[in-house]
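A.B. asks: Sequence:
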Amino acid sequence: MLNPREIRENSSFIEEGLNRRGLKVNLDLLKAHSKKLKELEQQRSNLQAEGNAVGKEVGKQIKAGKQPNGDEVALLRNKGNSIKTKVSLIEEEEKTLKKLIKEQILHYPNLPSSDCPDGKNEKDNIQIRTWGKPLVGEDFKEHWQIAEELGLLDTERSVRIAKSRFVTLLGQGAKLERSLINFMLDMHTSKGYKEVLPPVLVNTASLEGSGQLPKFAEESFRCSEDDLWLTPTAEVPLTSLHRDEIIPFENLPIKYVAYSPCFRREAGSYGKDTRGLIRLHQFNKVELYWFVDSANSNEAYKQITEDAEAILQALELPYRVMKLCTGDLGFSASSTHDLEVWLPGANSYREISSCSLCDDFQARRSSIRTKKGKQTHLVHTLNASGLAIGRTMAAVLENGQQSDGTVKIPEALVPYFGKPFLKS
RNA sequence: GGAGAGGUGGCUGAGUGGUUGAAAGCGGCUCCCUGCUAAGGAGUUACAGGAGGCAACUCCUGUCGAGGGUUCGAAUCCCUCCCUCUCCGCCA
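Sequential numbering from 1 applies to the first sequence in my numbering.
Treat the hints as calculated values from the structure; they're not laboratory data. Any given hint could be a false lead.
[What the hints assert, rightly or not] Quick list of the computed label-pair ranges, beta carbon to beta carbon: (1) Ser403 with Leu201: 38 to 48 Å; (2) Glu306 with Glu148: 28 to 38 Å; (3) Arg279 with Glu138: 18 to 28 Å; (4) Asp124 with Asn251: 37 to 47 Å; (5) Lys215 with Gln43: 32 to 42 Å; (6) Asn251 with Ser403: 51 to 61 Å; (7) Pro68 with Ser45: 23 to 33 Å; (8) Ile128 with Glu156: 38 to 48 Å.
[What the hints assert, rightly or not] Taking lysine-lysine and the DSBU-like style, the derived pairs with C-alpha atoms no more than 35 Å apart in a straight line are: (9) Lys35 with Lys371; (10) Lys99 with Lys371; (11) Lys79 with Lys63.
Just so you know, even glycine gets a beta-carbon here, dropped at the ideal spot from N, CA and C.
Could you put together the complete structure from these sequences and hints?
C.D. replies: Pasting the structure below:
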């Protein structure tokens, strides 16, 4: 959430930031509303002070022996009543204004950080480094083909169970998925991340707190009978793990790693990536999440990205790191590095992790603060996929495929998978 | 699903209409005392918004699960909702 105070006092700065994201906004009206609200609040608070004094005076007089129904007390009562009427009128006005303001502010995304490159869409993203040597050639199969040939998954029967864009992993496929999850969790926990297994049904407040609501309701599955949604990413429950808390300063940074299934409706992506493991309504993901003091978030941003990259390196999967331009930035992020893994079968790089710095955007929405001395201030939050499991499996299959139809398992994964090759 | 109990500060727990943002205890912090430790003493210890001052800080308003209502005045009375706990039933 953008800072309401800043909107009031420095709206052009906010407008510029939103413009860089390609949002043409004029905050004049919002600013006027916000200023008006402050005025009303001040008026009301003055009246309330007056009313409190009247109340106290009545108490004093009755204690001093004045008749509760006597003239002097009645006069004060009248005064109290007239103040009350005025206050309730103002409160009504405040309420509508507040609602109006909140609705608008919740719809505005985070401001891009100053080092975030300007641009319209993913074509303007900037490659900042690459790792490994991409395999290039005509003969590489796509991962869904390999998976089918090796009997790792069943898409057709998954439609019977659920619908399209769901997958059932079988045999070695299921085991490969499980070994990837365990491998990633182990690697991250060994670096000081605390493992979390959160609820995957989350309430509206949680989705609002991390920025998925109110704007992206159509992207999430909702339980119609309850105030619960299927989480689209563990980022949601992890943010809300500390919602409405003041985290002791000495506890920062807090670093979590969570495995969770993720659910997305993928509205608007009909026809895209219809085969295989790339785009599903349900997929597994290991997520990294940091709560840090605002002074240390840039350093943390670098570290969390490297922690995600370490998995790709350990799995010997070539990748590149892209710095997202302002037009491609996610709603809550002020800066994002995408990790794109090389898929020789698809002959392209594919996003496998998104590492984002959210500054105080989620912290403000979720009211997550820390206290240094007597000063309470918002923390900064960061998140990174570490990694998306289905896409990692796709990458392992495509990069490890051999001419004889088997797949070589990366060495680091062998202790988890149990054998160095995948064959039918 | 049935029956009951309850939601107060970091925690335990008082408080049923009038300086109660809230007793007491525990915990935390600061200082004092003490050869060290233990014990002891004094003080301090919620959050949000706003006004004023360079600042230390001072002041105002709101907040005792949430929202309404009664009243000059509500943690305290009334209504609605939410949540938690216990017992029974059911169940992985």
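A.B. asks: If a hint holds in the structure, say so; if it does not, say that too.
C.D. replies: Status of each hint after checking the structure:
As the Cβ distance of Ser403 to Leu201 is approximately 46 Å, the hint placing it in 38 to 48 Å holds. Restraint check, Glu306 to Glu148: a C-beta distance of roughly 35 Å satisfies the suggested window 28 to 38 Å. Remark: the range hint 18 to 28 Å for Arg279 to Glu138 is upheld by a beta-carbon distance near 25 Å. Between Asp124 and Asn251, the C-beta spacing of about 39 Å keeps the proposed range 37 to 47 Å intact.
In this structure the supplied range 32 to 42 Å holds for Lys215 paired with Gln43, their Cβ-Cβ distance being about 33 Å. Judged by the Cβ atoms, the range 51 to 61 Å given for Asn251 and Ser403 holds: they are separated by roughly 53 Å. For the pair Pro68 and Ser45, the beta carbons lie near 29 Å from each other, so the given range of 23 to 33 Å is met. The hint said 38 to 48 Å for the Cβ distance between Ile128 and Glu156, and at roughly 41 Å that hint holds.
For the hint linking Lys35 to Lys371, the alpha-carbon distance of about 29 Å falls within 35 Å, and the restraint holds. With a C-alpha separation of about 29 Å, the suggested pairing of Lys99 with Lys371 holds against the 35 Å cut-off. Taking the CA atoms of Lys79 and Lys63, the gap is about 19 Å. The hint holds against a cut of 35 Å.
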